[in-house]
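J.: Each chain, written out:
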Amino acid sequence: MVEPEGIKVIDHSADVVVIGGGPAGLAAAISAKESGAEHVVLLDRNSWLGGILPQCIHDGFGVEETGTSMTGPEYAEKYIEMAEKQDIDIMKETMVLQFDKRREITAVNKNGLHKIKASAIVLAMGCREKTRWNVMIPGDRPSGIYTAGVAQAFINLYNIMPGKNVIILGSGDVGLIMARRLKFEGANVLGVVEILPYASGLPRNVVQCLEDYDIPLFLNHTVTCINGKERVEQVIIAQVDKKMNVISGTEKKIECDTFLLSLGLIPENELANNVGIEIDSITGGPTVNQYFETTLSGVFACGNCLQVYDTVDVLATDAKNAGKSAAKNLTIQKKDKKIITKVAPGRGVRYVVPQIISEPGKVHLTLRAEKPRESSVLHVIADDKELLKKRLLWANPANMIGVDIDIPLEVMTTTQNLEVMLGDC
Amino acid sequence: MKNFQVAIIGGGVIGSAIARELSKYKLNIAVFEMGSDVASGTSKANSGVVHSGINSPHSSLKARFCVEGNKMFQSLADELGFPLQWVGKYIIAKNEGEINELEHLKKTGMDNSVSGLEMKGGSEVKKKEPNVSCVKALWVPTAGITLPYEFTIALAENAAENNVRFFLETKVTGLKKQQNHFLIKTNNGDFQAEVVVNAAGLNCREVVSMVEEPDFQVYLCRGEYLVLDKNYSSLINSMIYPVPVKELGVLGVHITPTIEGNILLGPSAEFIDDPYDKRTTKETMNNLIQEAKEIIPSLPDKAVINAYSGIRCKLALPESGGWADYRIEESKNMPGFINLLGVESPGLTAAPAIAKEIIKMISRLIELKEKNSFKSRIHGRKRFSELSTEEQLNLIKEDERWGRIVCRCEHVTEAEVIEALSNPIGAKTISSVKYRCRAGMGRCQGGFCTQHIVRIMGEYFNMDVTDIKLKSPNSNLFYGRTRGDQSD
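If you read the sequences in order, they're chains A and B.
Take the first sequence: its letter number 223 is residue 223 in the working numbering, and every next letter is one higher.
Take the second sequence: its letter number 267 is residue 1267 in the working numbering, and every next letter is one higher.
It is possible that part of the hints are untrue.
[Claimed, not checked] For lysine-lysine, the following DSS-like pairs were computed, each having C-alpha atoms within a straight-line distance of at most 25 angstroms:
hint: 1; chain 1: A; residue 1: K8; chain 2: B; residue 2: K1278
hint: 2; chain 1: B; residue 1: K1171; chain 2: A; residue 2: K229
hint: 3; chain 1: B; residue 1: K1282; chain 2: A; residue 2: K130
hint: 4; chain 1: A; residue 1: K242; chain 2: B; residue 2: K1302
hint: 5; chain 1: B; residue 1: K1282; chain 2: A; residue 2: K115
hint: 6; chain 1: A; residue 1: K253; chain 2: B; residue 2: K1171
hint: 7; chain 1: A; residue 1: K252; chain 2: B; residue 2: K1171
hint: 8; chain 1: B; residue 1: K1171; chain 2: A; residue 2: K243
hint: 9; chain 1: A; residue 1: K253; chain 2: B; residue 2: K1282
[Unchecked claim] Residues from chain B that face chain A, not an exhaustive set, calculated with beta carbons under 8 angstroms:
hint: 10; residue: M1285
hint: 11; residue: L1368
hint: 12; residue: K1371
hint: 13; residue: E1400
hint: 14; residue: G1403
hint: 15; residue: S1472
If you are wondering where the hints come from, they were derived from the structure by calculation, not from laboratory data.
Everything numeric in this text was worked out from a predicted model, so none of it was measured.
Even glycine gets a Cβ: it sits at the ideal position worked out from N, Cα and C.
Model the full structure from these sequences, guided by the hints.
T.: Written out as structure tokens, the structure is:
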């Protein structure tokens, strides 16, 4: 039967389909094209490209990558221009509903439903912010509770003030930047509350966003309750002990109308989850090999859906490699399956990416320390053998550590597990 | 001054069910709701369970209306298009000592003519519910689940479509009998009505005290809930209840699947003083997880995406067993003043049957003539995420807004948001969108879609978005414009 025109699923095929048009997706799509992929499709659910960058109007983007400090919109513009020049098939306001093991993508937009058969997929869906319920903050459910990124969107994209007297929980970078941003707009930022004994954002942001504006940072503190039947009226903050339990008797009421949460980011991997791609429980992103290929052949991951990066510069570098791999479609299946070595975080290390080495040679590892430490030593151990020992001046969980290592074939044939550790000098 | 024949105080599930039933007759009807939407109190914050009628003694109104209401649900769901699933319920005995209570419940149920009740052995339950451990269970196949806010909204909107006037953000502040009518004072002006129905829920005593000395007390019993991520929907297939907590007159912390695939844990039971104190507490949150783990040991710790509480309106204190029957009666001193007192669980289930009863009572006061123009809403809300590919394609072709996903977690389209905003009762808050189309109810809790809903609301109502409220008259989302924007 011939279906009437206009109400059938629109079929496409592509060499590389990138899901997500934020900085990672843009970088991956451009790199895939440059690496020889003929037909590259970039899908994004928003009406704009650049993901979160258009609302990040502060500077500091691109310093490591280009030596120039740009604002988020400027950085995004650079990549958007490149993507447009590269003849990449960009589909905006297009939401991917799912994809299957054969890499057939179902997406929807105002023109209808689309089926896209992809030789390779690059996942670049980004991340979402943790909510009050991720840390189970009890109390009322009034208006005036925002995640930092949502407040940032309202101020920077819509010129709307989310509140006047603000308490921020969590000293991640977005929270710190929002403290300063709100101050610029005339809001009264009453303090940033951090449960850890140290700030979790970049040290430069602590200085430039809090100290320079006399915004108090309450370390070893948390918010125990939100009060306010309609709009936020106050939050209760309290000190915590070394095990992060609230010390009773230290509760303090702070009158405010707005409570911002900057509790960290969760990689968005519903699509990967649904198709059965293995997710690392610590990073929250797919388990990948050194080519950023996930456990599903031909599907690659990059950007904040792989792991939450500190800077867009490092994120873009990795994303370019992921895009390149997708173009060249370096799948595990094409290699000898027997030589797979797992990389695991050891003492002092929270996680390592990639989690799998599928081929000997030069590999770039990214990892995070469990806690801040001065002068430490990074070890990469294969069974009892030390493959790498590197001195670090400092290690801070807020700063991702990158290290290159050469994995010889004989190590891969004799070892199934590599361990990455941080120790004292 | 506006004159009505019947004024209903309260737009909860009871008030809305009565309004919808009355809208079948040639009457002028008004509903006064102090919240910014219907279902803004206990009606939206409960387990969403359509009970079978095994928990209340045979002669009680609770048993009668529950059993009658239960039987009315399927046809109501078909007419109004709200979701309903007969998933059934296991009441489990965790030890030998609790088996007696199951037998007692079964007997009560059989007295109330509840069909299909069956005792099941622990291993039999395990086959159906692999994550649940128990020694024995009572299987209740006639128990179902619905979405309580969607049910209430469907009743109210259908009433409004049949010319019932809904006055939102309108609190009744005074009530006086004058000759053959009542004078109703509100923050939005004065009204007159021949018959007043007090369906004010937690505030039922406050309304009574406007005209006469109440001969009862209301005891408020708060119940907290946790909502789990849809990723864990496969933990259970049916509702799993412990044996009831007799001392408090409540059913105990149970595990309830929802239509949308989330799981609810709760409710707790705590007697409080303030009917507006709907907070959640750390201690209870932890207890809920612990108690749920006694039923499902494999329950994950970090699965919570939301928490809320609702308040039960009880006419009995815990000291007297916490159980009292509903009081549904016309005032003896004040003919035409009909009171619904202490309508707590199973009030959601009972609502349709109670509404029929109220019609009977009103028919003795006013002559009721059925109207020919009554329109039952035979279409439910269309949900993009639940439609077939062909239906999705047709809708997108008709209106491209069906192809624009606004809420990424729940796959809600712009067209659904617009439909929610065009509701016939005039509710226009962020929550009224959320409870109609689910935008903002997923795991990111509105992180991505709030800005889009704000923009769409601004365009649809042609309003200044800084006036948008979250859920109630003083729950403004914003504090004006940024500095750079103050010039215009």
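J.: Now tell me, hint by hint, if it's right for this structure.
T.: Against the structure, the hints:
1. For a cut-off of 25 angstroms, the pair hint linking A/K8 to B/K1278 is broken: about 49 angstroms separates their Cα positions.
2. Between B/K1171 and A/K229 the CA atoms are separated by roughly 17 angstroms; this keeps the pair inside 25 angstroms, and the hint holds.
3. Under the criterion of a C-alpha separation no larger than 25 angstroms, the hint pairing B/K1282 with A/K130 is consistent with the structure, at around 18 angstroms.
4. For the hint pairing A/K242 with B/K1302, the CA-to-CA distance comes to about 21 angstroms; that is within 25 angstroms, so the pair holds.
5. A threshold of 25 angstroms between alpha carbons decides the hint, and for B/K1282 with A/K115 the separation of about 46 angstroms lies outside it, so the pair is violated.
6. Between A/K253 and B/K1171, the direct Cα distance comes to roughly 31 angstroms. Violation of the 25 angstroms bound is thereby established for this hinted pair.
7. For the given pair, A/K252 sits about 35 angstroms from B/K1171 by alpha-carbon distance, which is inconsistent with the 25 angstroms threshold.
8. A C-alpha spacing of about 48 angstroms is found between B/K1171 and A/K243, which places the hinted pair above 25 angstroms, so the restraint is violated.
9. The suggested pairing of A/K253 with B/K1282 holds, with an alpha-carbon distance near 17 angstroms, which does not exceed 25 angstroms.
10. The closest approach between the C-beta of B/M1285 and any C-beta of chain A is roughly 6 angstroms, which is under the 8 angstroms cut-off, so the hint is satisfied.
11. Given hint, B/L1368 at the interface with chain A, is violated; its Cβ is 39 angstroms from that chain's nearest Cβ, farther than 8 angstroms.
12. Interface restraint check for B/K1371: the shortest CB-CB distance to chain A comes to about 39 angstroms, outside 8 angstroms, so the restraint is violated.
13. Annotation: interface hint on B/E1400 holds; nearest CB of chain A at approximately 4 angstroms, less than 8 angstroms.
14. Interface restraint check for B/G1403: the shortest CB-CB distance to chain A comes to about 4 angstroms, inside 8 angstroms, so the restraint holds.
15. Checking B/S1472 against chain A by beta carbon gives a least distance of about 5 angstroms; that is within 8 angstroms, so the hint holds.
Comparing the model with each earlier hint shows violations of hints 1, 5, 6, 7, 8, 11, 12; every other hint is respected.
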